[in-house]
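Visitor: Read top to bottom, the protein sequences are chains A and B. With the numbering used here as the guide, the letters of the first sequence map in order to residues 1 to 96. With the numbering used here as the guide, the letters of the second sequence map in order to residues 97 to 227.
I should point out that these hints are in silico values taken from the structure, not numbers from a laboratory. One thing to keep in mind: the hints can contain errors.
Said to hold, decoys possible - These stretches of chain A come out as covered by chain B in the derived footprint (C-beta under 8 Å, 3 or more residues): (1) 5–18; (2) 29–41; (3) 67–77.
Stated by the list, open to error - Listed next, with one range per pair, are the computed distances between beta-carbon atoms: (4) 11(A) with 222(B): 44 to 50 Å; (5) 222(B) with 2(A): 32 to 38 Å; (6) 66(A) with 187(B): 27 to 33 Å; (7) 136(B) with 3(A): 40 to 46 Å; (8) 201(B) with 57(A): 20 to 26 Å; (9) 226(B) with 84(A): 24 to 30 Å.
We put the beta carbon where it would ideally sit given N, CA and C, even for glycine.
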Amino acid sequence: MDWNLLSLSFIVVFLAELGDKSQLVAISLSGNCQHPRAIFLGAATALILASFLGVLLGDGIGHLLPVPMLKCLAAIGFAGMGLRLLWPAPEGDLGG
Amino acid sequence: MPHLPVLESSPEPQQPSQAPAPQEICSSPQEATLPPVRQGWLPEFMAAFLSVFVAELGDKTQLATLLMSAESQSPWVVFAGAATALITTSLLGVLVGRWLSRRLSPQALQTATGASLLLVAILLLWDVVHL
């Protein structure tokens with residue numbers, strides 16, 4: 001086991017992820033949710049799968065998935081959720 | 097000494113009336129402190145999974161992991177380090193979210209959540225432009 005490499009990759013990824021989008025998403029979702037463990041498990045699984053794909057496929061991920069289109073769709077979804085929270089509908093409760 | 101053995105010999109079963117009915121503990125349908133609607137576990141898991149996965153695809157973390165695993169001869173060590181770091185950061189994120197939700201009023205929490213989700217959307221679009 002190469003402990004130097006292990007700690008190096010831990011520190012690099014940890015610093016890169018602090019305050020990044022995925023952590024913002026985790027903070028936002030867990031503030032309003034009822035199952036914080038579900039948010040933690042979902043976020044951790046997604047992150048591990050994403051980095052697993054990064055290790056496994058390398059650069060080929062761009063050919064496998066339409067990454068810009070997925071990101072655009074996600075941006076629209078996040079913007080919609082954010083706008084609905086900032087300016088909720090005047091009547092009817094918002095689902096949280 | 098007639099008083100000593102009193103403590104030892106008192107096996108009289110005098111508290112059958114204290115035993116609670118077991119089905120009343122689990123099902124308290126009119127508990128006012130519970131949230132009115134309890135969503136399932138799975139929708140929140142899937143929401144977190146899908147949004148974080150899409151947000152993280154092609155991100156700088158993935159690029160760093162990719163570069164390190166390509167440079168070194170042992171990609172699985174890099175993967176183990178990255179996975180541990182990612183688990184830690186998402187745990188920190190959830191803890192910060194729960195802490196904020198206790199500290200802020202519901203209205204302030206909603207505003208903060210909306211602003212943070214808008215920020216995530218902007219960051220994602222920035223990624224797309226600079227991909």
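Visitor: For each hint, tell me whether it holds in the structure or not.
Guide: Cross-check of the supplied hints:
1. 5–18: Since three or more residues must qualify, the claim that chain B covers the stretch 5–18 of chain A holds, with 13 doing so at under 8 Å.
2. 29–41: Since three or more residues must qualify, the claim that chain B covers the stretch 29–41 of chain A holds, with 12 doing so at under 8 Å.
3. 67–77: holds (count 10)
4. 11(A) with 222(B): 44 to 50 Å: At 25 Å between Cβs, range violated.
5. 222(B) with 2(A): 32 to 38 Å: Since the Cβ atoms of residue 222(B) and residue 2(A) sit about 35 Å apart, the hinted range of 32 to 38 Å holds.
6. 66(A) with 187(B): 27 to 33 Å: Because 31 Å falls inside the window, the suggested range holds.
7. 136(B) with 3(A): 40 to 46 Å: Roughly 41 Å apart at Cβ, these two residues keep to the hinted range, so it holds.
8. 201(B) with 57(A): 20 to 26 Å: violated, 45 Å
9. 226(B) with 84(A): 24 to 30 Å: holds, 28 Å
Violated hints, listed in ascending order, are 4, 8; each of the other numbered hints is respected by the structure.
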